[in-house]
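K.L.:
Whenever a hint applies, use it, and build me the whole structure from the sequences.
So the sequence lines, in the order shown, correspond to chains A and B. Take 1 as the starting number for the first sequence in the UniProt record's numbering and just add one per residue. Take 1 as the starting number for the second sequence in the UniProt record's numbering and just add one per residue.
Fair warning: there could be bad hints in the mix.
[Unchecked claim] Subject to a maximum C-alpha distance of 16 angstroms in a straight line, what follows is the list of computed EDC-like cross-link-like pairs (lysine to aspartate or glutamate):
1) Lys-197/A x Glu-245/A
2) Lys-116/B x Glu-196/A
3) Lys-215/A x Glu-245/A
4) Lys-31/B x Asp-16/A
5) Lys-215/A x Asp-16/B
6) Lys-365/A x Asp-107/B
7) Lys-116/A x Asp-74/A
8) Lys-116/B x Asp-98/B
9) Lys-31/A x Asp-16/B
10) Lys-31/B x Glu-11/A
11) Lys-31/A x Glu-11/B
If you are wondering where the hints come from, they were derived from the structure by calculation, not from laboratory data.
2 protein chains.
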Amino acid sequence: MSAEIICVGTELLLGDILNSNSQFIAQQLAKLGIPHYYQTVVGDNPERLKQVIEIATSRAEILIFTGGLGPTPDDLTCETIADFFGVPLVERADIIEDITNKFAQRDRVMSPSNRKQALIPQGAEVLPNPTGTAPGIIWQPRPGLTIFTFPGVPSEMHRMWTDTAVPFLKSQGWGEEIIYSRSLKFWGIGESVLAEKVSAYFNLPNPTVAPYAGKGEVRLRISAKASNSQAAAALISPVEQQLREIAGLDYYGTDNETLASVVGGLLRSSGGTLSVAESCTGGGLGQLLTEIPGSSDYFWGGVIAYDNSVKVRLLAVNSEDLENFGAVSAKVAEQMAVGVKNSLNTKWGLSITGIAGPTGGTDTKPVGLVYIGLAGPEDQVINYECRFGSMRNRAFIQYLSASTALDKLRRSLISKYNESTS
Amino acid sequence: MSAEIICVGTELLLGDILNSNSQFIAQQLAKLGIPHYYQTVVGDNPERLKQVIEIATSRAEILIFTGGLGPTPDDLTCETIADFFGVPLVERADIIEDITNKFAQRDRVMSPSNRKQALIPQGAEVLPNPTGTAPGIIWQPRPGLTIFTFPGVPSEMHRMWTDTAVPFLKSQGWGEEIIYSRSLKFWGIGESVLAEKVSAYFNLPNPTVAPYAGKGEVRLRISAKASNSQAAAALISPVEQQLREIAGLDYYGTDNETLASVVGGLLRSSGGTLSVAESCTGGGLGQLLTEIPGSSDYFWGGVIAYDNSVKVRLLAVNSEDLENFGAVSAKVAEQMAVGVKNSLNTKWGLSITGIAGPTGGTDTKPVGLVYIGLAGPEDQVINYECRFGSMRNRAFIQYLSASTALDKLRRSLISKYNESTS
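P.N.:
Structural data, given as structure tokens:
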């Protein structure tokens, strides 16, 4: 028993719109525990749509259509489905009345073309559309096959799904088993290396574990099938604990946690305050930190020292060192961190200086070379050299630099106040 | 002759990610004039993937796969395709070398599991991946059938498509009639207002003009059908000129231009230098400015004055004014702009102070209230009050604040050096 999603619309084939309906329905099916193996997009073309229905009915028992329910001549989904099963369309007076009322509410008169939206296959149930004019259907054209149709407008489709489709599917016994997932996030370890460390878990039946490569990070997705979210969480928790222990400090957070929110939590719980000194990231580090509501509790600000004169004037970087070692050097990174910490009078100072490219790289200092400086409460200062690779583009190198700086601070905070990661 | 898009990945069936790859490829196929009637999504499951290949080969001559090229065990696309056509995989030494070099560049060692990415079907061409480790293939397993594979990571896939797939498809005779588009971008005007101003253009046959609402901005997309991009550009240019004249200063740039890149161009051409003072944006303004390569020519840096003590200490904001008018006030915004301009010794100083929320709003100073300060070369200083609305989320209010500050500077630069916008 499985469901299949069929999105109808030439605008999808032209790439005019992003297919967010597939994602929404996919998430909803997972929540209800309804298996789902295929998604198809086809244009507003009866012959091709029939071919898609032929294939889908051979492998799924629930077909979910979106799009092609509008009043215009190219909206053919409903009549094509009826035609495929050789069932006539009937005009429903209740739909006509509903559409007429909706136009009246907007001081408009229903145009003749809207009558088309009142035609549904004989024997089908109306799937009401509270917010638009195009209703959908719930139809069992033959035993063991259920068809849903929805308009393509996401807001209308979502409301119809929640109000009518979900209760119907639950009445059919679905949703007694749900799929619940948790994403563990890792920084500073590659997908392949992490995958090898935890490969034993990829064969678990329930919960399942799968790796994903995110933006500069890796994720492990733990998905459990259970009767409710509590039972699913109970299946997930032990596996989560084990994976976190294996990964150690490379694990940084779960689901909606970000490096900035985790660092924020650690600073708040340890009474730490932070200032930043940014060269090649130009404010990107402060931006990540201040995206977090309440970050003013621990983040005081910083200096964007893009030009070397600013490094000297506002961060007391030694101009001879700038001359001798260059702006992109461990020494300058450390002086920037100490400088901003002293100037803003915070417990921690975090700095970034590097070459984001695309130009400015040399053989000894290629694009992607970045130094991070970290000055801590006991006046200790450390630096980290990172090579993000000259094939990365500027914006991504800046993002990797800011995120890695947060990660270094995270690791220092954890080991200093030796909080366990698990 | 038509193409078919097949996206492989269980994460798509679970609704974890939005299928933006289908949209990108669909747009690209339209540009090249390649017909395309079906898109399919299938999980990381060899049997189901084979079934999808079976169906696709029966109705299309170009199959484009994305996803499932990674190093982990669930990445099965390439071997499943080879298996379907009964062709063995061969390990390509050149790919091994390429992957090894990429790991070396990042100070990492290639893990054994990455060797998997060097296996491609016998007789297939490598489709190079300049920015990632997983290469794709271009393969004709039998006459009249061409297969492309791409990794699922959008940035890698886009680059591979542009660098290799497009030239290959053009060499096969595609792209002789192309659709060429140009996007005009506007800031500080609503979609409906702009649409009314230019509504006459929405009925043009070729080029066509259509409005889109972007992130805090409005765009007009001009699309022309022609035999080549020069001919298309010739159709587009006069319409572009007229639209830009109608919009005046609300038009800020075209296609890849951003507010930051346009401001950068104006500063460079006028010999201006800029520093910023940021409170509620926490570095977001500097980040937008420094995303632009070469921004060090005119952007010197700034102060992230998140905590009031920083406003006083580093920006010489008057603490009595802070007390009397509050940090979110026109007076403090102006003092921040003047303070950073003087401290960093630049021609222009741009400041932002406001309430990004979700908390911190009051009846008189609601969430979304933002003051922008602009100090110019002749020591004049202006402030702008913006109300972005308390229903907007924090990150979006921060983005609107930074972008609007750039837009204010853009308008000042244009009128000061009275450069025309068209």
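K.L.:
Now, for every hint given, state plainly whether the structure supports it.
P.N.:
Against the structure, the hints come out as follows:
Between Lys-197/A and Glu-245/A the alpha-carbon distance is near 11 angstroms, which keeps this suggested pair within the 16 angstroms criterion. Distance restraint check for Lys-116/B and Glu-196/A: the Cα-Cα separation of roughly 13 angstroms lies within the 16 angstroms cut-off, and the hinted pair is therefore satisfied. Proposed proximity of Lys-215/A and Glu-245/A is contradicted: the alpha carbons are some 23 angstroms apart, above 16 angstroms. For the suggested pair Lys-31/B and Asp-16/A, the alpha carbons sit about 12 angstroms apart, so the restraint of at most 16 angstroms is met.
As the CA atoms of Lys-215/A and Asp-16/B are separated by approximately 14 angstroms, the hinted pair is consistent with the 16 angstroms bound. The suggested pairing of Lys-365/A with Asp-107/B holds, with an alpha-carbon distance near 14 angstroms, which does not exceed 16 angstroms. With a CA separation close to 12 angstroms, the supplied pair Lys-116/A and Asp-74/A stays within the 16 angstroms bound. Between Lys-116/B and Asp-98/B the CA atoms are separated by roughly 13 angstroms; this keeps the pair inside 16 angstroms, and the hint holds.
With a CA separation close to 12 angstroms, the supplied pair Lys-31/A and Asp-16/B stays within the 16 angstroms bound. Between Lys-31/B and Glu-11/A the alpha-carbon distance is near 14 angstroms, which keeps this suggested pair within the 16 angstroms criterion. About 14 angstroms separates the Cα atoms of Lys-31/A and Glu-11/B, which keeps this hinted pair within 16 angstroms; it holds.
This entry does not satisfy hint 3, going by the numbered hints stated previously; all others are met.
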